[in-house]
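> Protein chains in written order, with the UniProt record's numbering: chain S, 1 to 350; chain A, 1 to 265; chain B, 1 to 294; chain L, 1 to 412.
Computed footprint of chain L on chain S; a stretch qualifies when at least three of its residues, placed anywhere within it, have a C-beta under 8 Å from a C-beta of chain L:
{"id": "1", "stretch": "45 to 56"}
{"id": "2", "stretch": "250 to 256"}
Straight-line C-alpha distance at most 27 Å; calculated DSS-like pairs for lysine-lysine:
{"id": "3", "chain 1": "B", "residue 1": "K33", "chain 2": "A", "residue 2": "K55"}
{"id": "4", "chain 1": "A", "residue 1": "K83", "chain 2": "A", "residue 2": "K120"}
{"id": "5", "chain 1": "B", "residue 1": "K33", "chain 2": "A", "residue 2": "K83"}
{"id": "6", "chain 1": "A", "residue 1": "K83", "chain 2": "B", "residue 2": "K86"}
{"id": "7", "chain 1": "B", "residue 1": "K128", "chain 2": "L", "residue 2": "K393"}
{"id": "8", "chain 1": "L", "residue 1": "K396", "chain 2": "B", "residue 2": "K128"}
{"id": "9", "chain 1": "B", "residue 1": "K186", "chain 2": "A", "residue 2": "K83"}
{"id": "10", "chain 1": "B", "residue 1": "K186", "chain 2": "A", "residue 2": "K162"}
{"id": "11", "chain 1": "L", "residue 1": "K411", "chain 2": "S", "residue 2": "K93"}
{"id": "12", "chain 1": "B", "residue 1": "K86", "chain 2": "A", "residue 2": "K55"}
The set of hints was computed from the structure by calculation and includes no laboratory data. Glycine included, every Cβ here is placed at the ideal spot set by N, Cα and C.
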Amino acid sequence: MDPSGVFPTSYRSDRRIVRTRWQALALVLFMGLLLAAPYLVSGRIIAILNMMMISAVIAVGLQICTGYAGQINLGQAAFMGVGAYTASILASKTGLTFLLTIPLAGLSAALFGFLFGLTAARIKGFYLALTTIAAQFLFHFAVLNLPSTWLGGSNGITVPPAELFGLRFVSETAQFYMNFAVTAIMVAGAFGIVRSRFGRAFVAVRDDDVAAGIMGINVAATKANAFLIGAFYAGVGGALWAYLIRFVGVDQFTLFHSIFFVAMIIVGGMGSIVGALVGVFVIRIIQEIIATVGPNIADSVSFLGGDIVFAGMNVVLGGVIALFMILEPKGLMHRWNILKSSYRIWPFPY
Amino acid sequence: MTMLELNNVEVTYSDVILALKGVSMTVRAGQCVALLGGNGAGKSTTLKAISGTLKSEDGTVSAGSIVLDGTPIQNMEASEVVKNGLIHVMEGRRVLRHLTSEQNLIVGGHMVPNSAELKKRLDHVYTLMPRLADLRNRTSGFMSGGEQQLLLIGRAMMASPKIIAIDEPSLGLAPMMIRDVYEVLKQLKSEGTTFFLVEQNSAAALSIADYAYVMENGRIVMDGPADKLADNEDIKEFYLGVTASGERKSYRDIKHYRRRKRWLG
Amino acid sequence: MVYFINDIITGALIGLLYSLVAMGFVVIYRASKVFNFAQGELVIIGGFIVWFTTMQAGLSLWLSIPLSLVLAGLVGYAIERIFLTKLIGESVFSMVMVTVGLLILLRGLVLLVFGPAVRPFPIIFPLKPLFLGDMLIPMNLLIGGIITIVAAVGLSWFFNRTRSGLRMTAVAEDHVVASSMGISVKGSIAFAWVLGAILSTIGAMIFLSGKSLTFLASDIGFAALPVALFAGLESIGGLILAGVIIGIVQSLTTNYLDPLIGGSLGSVVPYIIMLAILLIRPTGLFGWRTIERV
Amino acid sequence: MTYQSKRGLRGLLTAGALAVAATMPLKVQAEETYNLALLSDFSGPYADIMPILAGGREAVFTWWNETRGRELGVKLNYKNYETRYDAAQVASLWPGIKSELDPIAVVGLGGPDVAALSERLPEDKIPMFMATAAYGFAWQPDAWIFNPRPTYSHESVGFLNWMREQRGGDEPLKVAILASEASPAYVDMAKGLELYAEEHPEEIDLVEVIYTEVQPTDLTGQMRRVVRAGAEALVIQTNTSIVVAAKRGLQANGANIPIMMSSHNGLPASGGALGGLEQLEGDFEAYGMAIAADEDTPARQFYETLVADYGLEAPWNVVTAMGISQGLYTVTVINHAIEANGAEGLTGEMVREALFAKPITTEETHGFLPTLSFTPEAPFPLQGLKVNVGTVKDGKITIEATGVDVPHVEKW
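Between the sequences and the hints, there should be enough to build the whole structure, so can you do that?
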């Protein structure tokens with residue numbers, strides 16, 4: 001958000017994503033740094049970045065569905081699972097290249113998401129949001145109870161590594177570039193979507209669906225589209241997950257995972273793509289800190305009792321999320337924008 | 001005796017938009033005071049500032065004072081204002097749509113200490129508005145606009161307030177219904193209820209009011225006893241829609257005149 | 001045939017337990033328009049309070065049950081004060097999101113305070129079932145079912161007939177109108193959370209009596225969710241019917257269909273019913289139909 | 001801003017690295033030092049048993065360093081990694097484990113470790129040793145992940161056959177299973193037993209397979225079906241809460257069908273959750289590992305040694321036994337590898353070879369485990385597997401049978 005007094009002077013500049021030279025420079029620097037990361041930092045960090053990028057794709061999809069279109073979605077992990085299973089089955093049974101399996105995974109998740117989104121034609125508000133929990137349970141049930149030759153049942157599915165021109169994407173670095181490419185495309189696409197006709201319809205429906213309907217927006221279709229796009233992102237993320245872990249099982253895509261994706265966009269800020277990325281970063285980094293320093297604290301302060309240290313870690317994670325909601329309900333991006341504006345218009349209050 | 005007094009009240013929304021720019025007015029006990037003005041003049045904001053419902057729209061009284069029967073009430077919680085004796089009947093006929101009309105009335109009397117008193121007040125409402133007695137078990141969301149407006153007045157009566165602040169009771173109603181609503185208001189006034197009436201329909205308002213203020217652009221631009229104002233040429237022109245010769249002026253003329261007046265004022 | 005009827009009765013009683021937990025959702029939803037995703041967590045917190053007062057503090061049941069309900073009410077009040085009061089006026093959306101945060105936080109807190117161990121839960125209702133001829137009805141569910149029906153009738157009467165109840169119903173309809181009538185919205189929401197926490201604690205007692213307690217017990221929140229949606233989020237009385245229907249269908253599925261398919265259809269069937277009902281009636285069986293004003 | 005965050009990340013990691021350095025146990029200079037990565041779950045679902053399990057396995061490493069290690073001139077360092085029982089966390093930790101520790105073996109905990117590492121360990125040539133029984137889904141040839149126990153289904157089949165022999169007669173044993181779909185692992189346990197019963201109708205007659213929640217609302221109705229079907233044993237290998245609910249359901253029906261539990265939901269855990277071990281009188285736990293009972297066994301004696309001389313603080317129970325067993329077969333394999341290849345230049349691959357080269361005798365594991373002969377065909381020994389049976393007598397856990405043979409179970 002620009003401070004008062006700074007207005008776009010043309011439609012083009014209003015639609016522009018990168019508004020200033022500094023922003024452009026920062027973006028180039030950031031991308032450059034990321035690309036060079038495998039040569040700058042250790043494998044552990046690359047692994048964390050891999051996990052962050054995959055989460056980012058999924059969280060950005062959720063941001064479009066929930067943050068932009070206002071459709072609370074607690075089934076994002078199930079949609080991710082559909083993508084992961086699609087990619088795994090295609091890769092292990094047909095040997096299809098990942099260049100095809102990843103988009104197909106997105107499409108099949110989108111189809112699954114669309115089915116739930118379709119109910120949007122009739123169901124409104126919370127009722128719709130809560131049906132996504134049903135998606136979560138139905139996915140779990142279906143995987144375990146369909147013949148195990150279809151979805152692997154309780155056995156899960158082993159995924160062959162992604163390959164391109166004889167290059168196997170097994171090392172952290174190789175996977176990093178694959179994830180980076182897909183994530184960059186997906187995030188850029190997200191920016192495109194939210195400033196397109198669809199994006200504006202999403203925001204209109206979120207803010208007032210009755211009014212949006214009067215303005216000629218097909219509300220039901222818009223909601224269904226939001227689910228479709230959100231699920232597509234989840235599916236692509238799921239496919240990346242499948243290629244990273246190379247073993248999918250139904251317990252990797254639970255309601256709790258979905259809740260954490262919601263937590264990521266809460267922390268980052270609703271209705272902002274960058275916010276989703278920030279949220280992924282913050283939540284993942286907290287998780288990694290727990291995993292990294294937890295055992296050390298527990299070892300060194302044994303008088304405190306390791307139990308308390310570790311239980312405390314869960315509180316930290318939940319507490320961060322709840323605190324954000326109380327102190328900064330609009331998320332980190334909002335705080336950043338306020339800081340930016342007040343810096344620009346200083347010393348005037350508004 | 002002064003029932004309600006506004007002294008130089010300023011209201012800002014979201015700490016940025018100044019909506020009221022120093023409004024002062026007085027309502028005496030037993031009086032009906034009307035606040036007139038066009039769309040966006042600041043009438044409803046004034047009312048919300050009084051009743052404390054401003055907060056839900058991120059607005060605050062940033063300067064001045066509002067005194068209700070000796071108690072300062074600016075920026076007070078809405079529920080506290082009610083306890084001090086002022087009921088705000090909001091515009092847009094906001095009945096509790098899923099409750100029956102009688103349940104609406106009972107909610108209005110939620111502060112009544114005993115059921116005998118509650119019964120008495122219910123009966124009072126029903127004698128004044130027999131229509132509501134017939135509809136007592138009807139879901140209020142499915143009643144007609146006029147019936148809903150009557151219900152709101154009845155709901156306000158249930159709290160037996162010192163003053164009822166009522167916002168646009170005639171908005172969107174058929175002339176027949178407007179007459180009915182005002183008939184009820186007159187009845188109440190004759191029983192001694194103090195009214196603060198916000199209206200665009202000046203003719204109707206001035207037919208009952210004792211004193212009136214005219215607002216424009218967040219300021220009081222004119223005030224005086226209702227009968228005087230009713231004879232005032234400008235008022236006739238803008239708010240009653242008639243000229244000295246009794247003909248309606250065209251909208252364009254009014255707009256032009258208003259614009260000029262704004263420049264001067 | 002006797003067993004079939006018995007399965008129906010037991011199913012209905014389990015359904016009533018779901019109704020009781022769902023009542024917590026509904027009470028809070030009515031007051032604040034917030035769908036509390038942390039309802040299952042309230043159930044375990046209630047459970048741990050009961051466990052603490054009986055098994056740890058060693059109080060007799062007559063003392064510990066009322067004490068637990070009071071403590072649970074205080075916890076509900078504290079949660080509302082700390083996490084939700086400041087958000088009144090923010091969008092409903094952010095308030096719902098807070099409850100998602102709350103879900104993670106409370107789970108962590110339970111682990112921190114009580115640890116992850118599986119604990120025996122006190123025997124609150126007699127373990128010996130009621131025998132009706134060949135039929136056998138678990139006592140905790142039977143008494144629980146009665147409590148649920150009493151609670152539902154009582155709360156329905158309270159919300160529709162009494163003045164303080166109607167006050168809360170007014171808040172449920174429209175916060176602004178309610179406050180314009182002198183009703184304290186904050187007070188109503190706080191009261192709703194107190195009530196929600198107490199209902200959850202009663203639910204925990206029925207659910208866990210004589211069994212064991214871990215944080216896994218919060219799953220009942222998600223089992224009760226279809227009941228709340230099926231009934232419609234505003235209706236207390238409707239919960240009874242919705243709970244009974246879902247309970248019976250689930251019981252018949254578990255007992256007669258699951259053995260055939262060799263799976264656990266019983267645990268997802270409530271969601272399937274819920275989806276079907278919502279497609280037919282988008283606001284549940286008894287929920288407030290939206291009387292849309294433009 | 002993102003650039004700043006990145007700097008923040010660096011800072012954090014530096015701080016983390018410092019913390020690691022500060023808390024690393026002081027190295028006693030030995031001739032050769034090898035590292036073990038211990039995967040743990042202190043903050044997830046296994047947080048309640050993790051400190052005990054960790055205590056067991058760490059005490060074994062201390063013991064080995066001070067006895068066998070000193071003789072061989074080898075010291076084993078170990079470091080715990082917190083996985084939160086989450087595959088994503090394991091996957092993000094793994095590259096760091098490799099570069100920081102370069103372990104010769106991983107000491108794993110559960111399903112997420114297997115999911116995240118099953119495709120990586122063969123690439124990185126590091127074996128992983130688990131504490132639990134194996135799963136059907138991990139039953140792959142040419143494994144790099146190993147279990148000292150057969151699958152849960154093997155263990156239950158072994159127990160049921162023993163029970164049928166105890167009962168006598170030619171009739172098959174009527175058995176009911178109580179499982180849950182909450183976790184695919186629970187489904188897997190039931191599937192294996194189901195297949196065995198199908199192929200051996202003369203041994204096991206599976207009368208009911210019931211799926212329920214991990215925290216069941218009420219099992220009275222389900223238990224009546226089990227009673228009516230005349231079940232002689234009820235297999236519950238899922239969790240403690242289900243055992244408790246099933247017990248209450250059986251009590252309501254006035255029935256006392258013996259329940260068979262596994263190690264993670266065994267007699268002490270389930271008895272504790274029920275509010276008293278005496279309520280499990282006549283029920284069983286069965287697994288391919290020493291039973292932590294009062295009897296004076298070699299395992300018990302070794303435990304006492306660890307407590308007396310090597311700083312073990314955990315109580316004598318099945319979880320401690322699991323940790324000690326895991327530690328013991330891990331150090332034994334490494335011992336064999338050193339014997340075969342010398343103390344220098346030991347690699348993960350050599351450790352894995354040593355596992356196939358020579359059986360791990362029950363003497364070497366102080367009776368905690370039967371003699372294990374691993375082959376490349378499966379992640380667990382296919383031959384010579386034994387199951388031990390514990391029960392509750394007069395309110396105390398006692399050993400009912402040891403060394404019960406596990407029949408041949410087909411892969412499902």
